[in-house]
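A.B. asks: Okay, here's what each chain looks like letter by letter:
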Amino acid sequence: MKTTNSSRTAQQKNPWARLIRSAVIYINISLLIWAAVALFAPTHVAIITDTVYNTFAKVIKIIIAVTIGIGLLHVWVTPEHVSRVIGKESGWKGVVLASTIPLILGGSLFVILPLVKALREKGARLAACIAFISAWSGKAPLLPLEIEFLGLRFAVLRILLTIPFAVATGLMSELILERIFGEKVHSTHHAG
Amino acid sequence: MKLDSGTVYLLIAGILFILSLLKDPEKTKKAFINSGKVALTVFPVLLMIFVLMGFLESFISRQAIASWFGSSNNFLGIVYGELLGSFAMIEPAAVFPFAGFLKQSGAGYGAALGFVMSAMLIGITHMPLEGQLFGMKFMIVRNLVTFLLVLGIGTLFMVVI
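Taken in order, these protein sequences are the chains called A and B.
For the record, in the first sequence the residue sitting at position 173 is 173 according to this note's numbering, with numbers rising by one throughout.
For the record, in the second sequence the residue sitting at position 153 is 153 according to this note's numbering, with numbers rising by one throughout.
Only chain A is shown next, with the shape it has when bound in the complex (with noise of 0.2 Å):
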């Protein structure tokens, strides 16, 4: 009793309680998978065991590294201090910014959405804004997992080619988004 008790209170305060609800329903998954495999064709099962223990022995020291390495620039170099430097840009120089430094940027789109929700009242443009989410596909802090299973060459031009594409992809969005749909270039607080 008393454990279930505590447990539902820490459910609601931890943060950990979600991610770990999250971890078992993948866990689940995979070995329900695996079983399922197991049972019905068993003679397949060892190419699944091989891929499962050869892929996680090849990267589990570079996921390891880039765990590390994200953690740490989650402290010091926070999305909040990436927008603070994108939103005092304007104009054109705003919409650069926004398709660069986001490439440095960890997390996933459910983190990403929201910040530039922020930026965007704060008054960044709409090109800018959307950018900003291009740009963080760059993904430079999983590099090293790109170059492992893609190549390095595929790796450095693709981070390349975002910034381009971050640009283009704002620009042409804001466009379409101002002459068709009519939306404002510039948010104002006091719209919707």
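Don't read these hints as lab results, they were simulated from the structure.
There could be a bad hint or two in this list.
As the list claims (entries may be wrong) - Partner residues are not named here, just some residues of chain B that face chain A (Cβ under 8 Å, in silico):
1) F50
2) A66
3) E91
4) P92
5) M117
6) F138
7) L156
Glycine is no exception: its CB is placed at the ideal position from the N, C-alpha and C atoms.
Given chain A's structure and the hints, the job is docking chain B onto it.
C.D. replies: Structure of chain B alone, referenced to chain A:
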């Protein structure tokens, strides 16, 4: 001792960690907890992706994957890569192993790039949040323009690489 790339990355991360610890122990403690959260998020997803890769490896022939994604680096390969990426619903860290798997299985560079970019930027799981935060028009236009321009850089990418 032979230094593989993983060990080099670990060394770099270790050095950065020690530097951070010397500069600000309190921040470094926070960083360590952050890393724990990242690890807890990433490892289970990777396990699932690796099991899935093994599953595809054992049930679907490389020729099939190659023929779907265009072994000869064609334009349609990028579109298929993008479509797969849009529905992939995976963590950014798991995107690269799976893209590598596609590439090894015979998909072209364009398809791999299309998959990576759209798995990061389009994923249907983010659309409700994006629509709620920025409005439906913003969400639709950004996703469509992203899809279109990934096609553009994918083509450029295939030429350059």
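A.B. asks: Hints the structure violates: just list their numbers, smallest first.
C.D. replies: Hint 2 alone not satisfied by this model.
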